[in-house]
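Asker: Just so you know, the sequences run in chain order A and B.
All the letters of the first sequence, read from the start, carry residue numbers 1 to 653 under the numbering used here.
All the letters of the second sequence, read from the start, carry residue numbers 654 to 990 under the numbering used here.
Just so you know, these hints were derived from the structure itself, not from any lab.
On a predicted model such as this, the values are computed, not experimentally measured, just so you know.
Treat the hints loosely; a few may be bogus.
Computed footprint of chain B on chain A, listed as stretches where at least three residues anywhere in the stretch have a Cβ under 8 angstroms from a Cβ of chain B [to be verified]: (1) 24 to 34; (2) 270 to 279; (3) 302 to 311; (4) 391 to 405; (5) 422 to 428; (6) 588 to 599; (7) 632 to 641.
Idealized CB from N, CA, C, for every residue including glycine.
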Amino acid sequence: MKVTRSWLENYIEITNTTDELCHDLTMAGLEVDDVSKIENDYLIDIDLTPNRSDCLSARGISRELNSINPRYKKKPIADSSEPNPTCKNTGLKFNILESNICPRYGYMYLENVSSECRAPEYVNKRLSDIGITLIHPIVDILNYIMIDIGQPMHAYDADKINGEITIRMAKDKEIMSALDGNKYKLNSENIVVSDSSQIMSLAGIIGSEEISVSGNTKNILVESAFFTPSAMANKARILKLQTESSHRFERGVDYNLPREALVYLSQIIEENKICDFSNIDLIDHEHCIPQEKKVKINQDNIRKSIGIDISDEAIINILLSAGCKFDKKSNTVLNPSYRYDLGIHADYVEEVARLYGYDNIPVTSEKINIEPSKKYTPFEITNKIRQYFYNNSYSECINYSFVSDNLLENSNWKSEDFKNHNKISNYMSLEQNKLRSNLVSSLIRNIEYNNNMSSENSYRFFEISTVFSDNAEKVLSCVVNGDKHEEQWSSKSPKFDKYDMTTIAEDISRLFGLNKSDLSYVIKDVKSNGKKYIYMTLSVDNLIRKITNNTKEHHVNYTKLPYIRRDLSFVIDESIEYQSILKIIEETNVHSLKKTLLFDLYIGKNIPDKKKSLGIGFIFQDKEKTLTHEEADGYIEKILGQLKDQFKIELRK
Amino acid sequence: MSGDTLKKDLERVLDEALKSIKDVSNLSDLEKARVHFLGKKSALIGFMKSLSGLNGEEKANAGKNLNTVKQQINQLLSDKKISLSNSNSNLKDEFDLSMPGKASSIGSIHPITKIMNNAIEIFESLKFECVEGPEIEDDFHNFTALNIPESHPARAMHDTFYLENSFLLRTHTSSVQVRTMGEQNPPIRIIAPGKVYRKDSDITHTPMFHQIEGLYVDKNVSFSNLKSVINIFLKNFFEEDDLRIRFRPSYFPFTEPSAEVDIEYLDSKGNKNWLEILGCGMVHPNVLEMANIDSKIYSGYAFGLGVERLAMLKLGITDLRLFYENDLRFLKQFQRI
């Protein structure tokens with residue numbers, strides 16, 4: 001809402017600087033976005049919240065300033081009597097089918113509008129000052145009145161009206177050519193003003209092209225109606241057609257304004273001898289006009305919920321200054337007809353707090369009798385994981401949850417053939433038309449982006465976020481490419497391989513006292529633009545579930561007796577998983593076996609095709625006595641025997 | 654010399670080679686070891702010569718054994734050579750304090766995460782519990798239960814992404830308020846950090862961003878308490894005891910009274926300006942009632958912080974898009990713990 005200082009001064013005395021004025025507005029919730037100096041005046045742009053439709057006019061803002069601080073003294077109200085009409089009402093018929101939507105319809109005629117007529121200079125000046133384009137003297141005056149007191153009006157070329165005027169719901173697919181030059185296809189949700197042959201306007205939003213006022217117009221029908229906010233809500237937004245008029249109606253225009261606005265119009269016309277004007281006619285459906293709401297005031301509640309020490313009387317004075325009516329006997333207030341935002345008690349709590357001044361409300365520290373839970377929160381868990389990656393030279397990325405159709409993104413993290421995307425129906429661009437099912441493709445893109453910017457030889461990225469497939473699931477992905485560590489002087493870095501990812505899975509399980517087998521994860525590699533990326537994705541949701549069921553960390557006694565190590569190097573079928581070897585070793589039930597340690601894996605020269613060579617160290621230690629070498633030999637024989645039986649292994653010499 | 658004696662001798666040589674090669678610490682010593690074990694005057698060559706004294710089968714076996722040991726020693730030597738050249742062990746005894754160390758193992762945490770953690774820690778110290786909620790929401794939790802009915806003009810302020818199944822991407826973390834109040838009875842004191850989505854993309858908006866929502870519902874909660882919590886938070890967060898803070902009336906459908914909070918900051922020209930930093934207010938009685946909390950007994954406050962905005966202010970970032978480019982030159986700037 002734009003207004004000039006001088007316009008406000010029509011209604012109130014302003015003795016302070018414009019900066020101070022703007023500060024007062026801002027601190028009362030009418031946030032001043034911008035102030036600029038124009039000639040001898042100031043243009044003030046106020047960012048009004050949607051609840052304050054009463055301030056969508058110069059008079060409304062002035063009224064508000066007077067409530068904020070009585071120093072903004074009201075100036076005497078101008079004469080509001082209706083001047084004597086100079087022409088007749090031509091007797092058009094009106095049929096208001098939707099009286100609940102339009103409970104009050106006011107109108108008057110203007111005749112003998114000449115192409116020579118002019119709007120008063122102050123109208124043109126003030127409209128131009130706030131950036132409203134001048135169109136036609138009558139239309140400009142209507143716009144002026146809207147900005148001045150808040151009532152949107154519309155002017156129709158009266159000579160183009162055919163037959164009875166009806167206010168009705170539009171028919172499906174009815175087409176209207178609006179004043180903005182666009183054609184709108186309507187449906188039965190839209191409200192229209194029409195005559196027997198055409199749509200005259202989309203009620204309260206915009207007029208139609210055919211019947212609009214132009215330079216040749218001789219006679220004009222002026223409409224000054226009240227459309228209920230609930231009926232107007234969303235109507236303009238659905239058509240993507242916001243106008244000054246719809247903006248006001250959907251937020252709520254004072255139902256007492258239609259007549260006042262027409263009186264105002266006739267006064268301006270008479271005073272400036274612009275044209276002839278008729279008397280004012282109002283078609284009312286009284287029972288549909290909003291009622292003022294009576295609310296019982298609970299002064300204690302107001303004091304308590306704001307946290308201020310204020311007398312009953314001071315509370316009532318604040319509400320009176322806001323234009324409310326107070327009944328002492330019943331301790332109730334009535335809202336002014338222009339304040340749609342005052343309807344329940346909480347609204348009055350806010351009104352008192354606002355006009356008392358938020359800055360004047362003291363700061364009172366809380367007495368809290370809550371003990372927050374001692375459990376790990378999901379956030380703490382992910383933070384510990386982040387810390388681990390940080391300590392291992394990984395960089396955290398955060399990517400948009402949106403992705404496009406793209407091969408890499410067509411796989412969710414668990415299965416390659418994922419097709420159930422969560423598509424966004426009103427996406428902004430094809431690059432962002434669905435929700436990602438994995439983090440890996442985003443991270444690969446991050447590496448590619450960085451690789452274009454610089455030429456590092458080592459990339460380590462991770463991200464923790466929710467991915468979307470059949471369900472939403474929080475996952476962690478880390479993607480690596482190239483050397484294990486950055487270029488340095490002391491040794492050449494090996495390349496990353498998948499076992500580096502295994503280490504991460506093992507470390508994470510250790511961080512939370514779990515086993516690797518408790519985790520739900522995948523380790524894979526993937527090629528993109530000729531480069532190989534190795535990645536791991538782990539379900540954080542699963543991890544959190546596992547941690548929740550976890551037992552507490554506790555100490556286990558250990559022996560200080562010496563240990564004996566025996567190593568076995570053997571050749572085994574390549575296809576046999578390490579896990580099944582461990583299982584067999586475990587099944588030998590050698591209790592003194594404290595630890596097995598894989599120290600070598602070799603495939604290649606000197607090893608037969610489809611075989612691999614493993615070196616495993618066995619550490620034996622007894623709880624009660626010092627082991628002898630003979631005992632250790634016996635154990636290793638037992639283990640070896642089992643391995644030979646199960647896997648036909650061959651010892652390497 | 655018999656085959657058996659030779660076998661024992663060979664084992665001894667191999668043992669010796671194992672030990673001495675292991676102890677070698679530089680390439681020239683390694684060459685000496687090679688000459689010692691495989692050179693012309695080495696024991697192995699001596700054995701080779703003595704083979705002639707053996708007969709057919711014995712000679713063949715002994716030759717084979719001898720060759721195996723020779724190969725093994727060769728392997729030891731070449732392995733050692735690789736490990737020595739990798740570790741530049743020539744330098745081992747000399748240490749230059751001013752030399753750079755080996756590759757660093759410090760990575761980086763995304764600034765959004767850092768700022769979020771920063772804020773969460775402060776709120777946790779004020780006894781708020783950190784909870785999370787779903788990013789895909791239904792209309793009820795995102796709008797209706799927050800006193801934003803279908804026809805409400807405030808819905809225009811939230812440009813919502815809808816999914817094909819009529820669900821939507823939450824436009825604010827306030828939806829977590831609703832979920833928590835549905836699951837817990839007062840007193841409730843939570844913060845809910847997370848991603849939110851709005852159909853908006855320009856210099857000052859990204860379609861995805863982060864918020865932290867706070868909610869406290871109990872008996873006798875006042876606006877004055879809200880001021881206290883926000884003051885403590887902002888002064889802690891910006892590490893400034895004298896930070897100037899102001900509360901200004903605003904409008905949100907789910908709070909009443911509602912406020913926007915500004916902090917005073919110095920712009921690049923050294924002028925003092927107010928900058929909007931968060932929105933808050935007393936929970937609207939309709940919101941409490943919809944969550945089956947008696948608004949006559951309980952009251953509460955709620956607040957919502959934009960994490961990107963906090964991060965930009967605290968870290969001096971001027972371009973919002975940097976957060977989502979994940980450029981290492983950006984990410985690595987925030988390596989401090």
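Asker: Apply the coverage criterion to the stretch 302 to 311 of chain A and chain B: a residue qualifies when its Cβ sits closer than 8 angstroms to a Cβ of the chain, and three qualifying residues are needed.
Answerer: holds (count 5)
Asker: Quick check: do three or more residues in the stretch 391 to 405 of chain A have a beta carbon closer than 8 angstroms to a beta carbon of chain B?
Answerer: Since 12 is at least three, the answer is holds.
Asker: Taking 8 angstroms as the C-beta cutoff, is the stated coverage of the stretch 632 to 641 of chain A by chain B satisfied by three or more residues?
Answerer: Violated: only 0 residues of the stretch 632 to 641 of chain A have a Cβ under 8 angstroms from chain B.
Asker: If you count the residues of the stretch 588 to 599 of chain A with a beta-carbon closer than 8 angstroms to a beta-carbon of chain B, do you get 3 or more?
Answerer: violated (count 0)
Asker: Can you take a look at whether the stretch 24 to 34 of chain A is actually covered by chain B? Rule is 3+ residues, C-beta closer than 8 angstroms.
Answerer: Our answer is that it holds, as 5 residues pass the Cβ test (under 8 angstroms) against chain B, meeting three.
Asker: Three residues minimum, CB to CB under 8 angstroms: does the stretch 270 to 279 of chain A make the cut for coverage by chain B? Let me know.
Answerer: Per the Cβ count (0), the hint is violated.
Asker: Check, residue by residue, whether the stretch 422 to 428 of chain A contains three or more positions whose beta-carbon lies closer than 8 angstroms to a beta-carbon of chain B, and give the verdict.
Answerer: n = 7 at 8 angstroms, threshold three: holds.
In terms of the numbered hints stated before, the structure departs from hints 2, 6, 7, listed from lowest to highest.
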